[in-house]
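Novice: Sequence:
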Amino acid sequence: MGELHTFYYLLDLAGTFAFAISGATAARERGLDLFGICAVAFTVACGGGITRDLCIGAIPPAGLTNWYYLATAMFAAIMTIWLYPIVKKIKRPVILFDAAGLALFAVTGAQKSLAFGHNAEVAILLGIVTAVGGGILRDVLLNRVPVVLEREIYASAALLGALIVVLGALFNWLTNDWISIIAIIVAFSLRMLALRYHWNLPIFSNK
777 MGELHTFYYL LDLAGTFAFA ISGATAARER GLDLFGICAV AFTVACGGGI
827 TRDLCIGAIP PAGLTNWYYL ATAMFAAIMT IWLYPIVKKI KRPVILFDAA
877 GLALFAVTGA QKSLAFGHNA EVAILLGIVT AVGGGILRDV LLNRVPVVLE
927 REIYASAALL GALIVVLGAL FNWLTNDWIS IIAIIVAFSL RMLALRYHWN
977 LPIFSNK
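Residue numbering for the sequence shown follows our numbering, beginning at 777 and increasing consecutively.
Hints listed in this document are in silico derivations from the structure and should not be mistaken for laboratory results.
Please read these numbers as outputs of a predicted model, since none were measured by experiment.
All the pointers check out, no bait thrown in.
Between beta-carbon pairs, the in silico distance windows are:
hint, residue 1, residue 2, range
1, PRO861, MET968, 18 to 28 Å
2, ASN895, HIS781, 19 to 29 Å
3, ILE862, GLY807, 14 to 24 Å
Even glycine gets a Cβ: it sits at the ideal position worked out from N, Cα and C.
Sequences and hints are given; from them, build the entire structure.
Specialist: Below is the structure:
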């Protein structure tokens with residue numbers, strides 16, 4: 777297993793924070809109580825990472841054993857409740873923080889899979905799983921159609937971010953830190969541009 781350095785953990789905690797805000801905001805909009813908001817925030821923030829860790833054999837998962845993840849998710853949830861009037865003023869806050877979490881987790885998911893000795897295919901697939909897992913759980917818990925199942929460019933953005941990480945590791949274009957930053961920017965930008973300009977994947981009619 778390769779060594780995961782401090783920058784990886786900072787990115788992973790940043791993704792946890794962003795997804796926790798996304799989950800807490802969505803739960804607050806649905807009128808859940810304090811426990812419900814915190815539960816959704818933690819599930820969204822750590823669900824994808826826990827699934828990834830189980831798949832790569834990182835047992836027990838970091839999301840359950842490292843108190844930093846729980847503390848980050850709870851801090852984000854309480855902050856969202858306390859500052860909800862401010863958060864609400866941000867245009868479509870759930871989408872914004874969801875896009876940030878998506879980009880961050882696509883990168884850290886691929887990085888951790890590579891660090892545990894898995895091949896490029898596994899790294900890309902688990903980068904996507906890490907990125908979209910939390911959003912799927914959020915939407916299922918709140919009785920919404922998961923974004924990943926709609927026409928929007930969502931998992932595709934995570935795929936691109938994870939792919940950049942894997943290619944960067946294979947060809948040593950730049951340092952891992954710079955590759956990670958580039959991958960995050962590209963994935964986040966693609967997601968936000970797709971929302972701004974209504975880019976969608978093609979659909980096929982049965983007629």
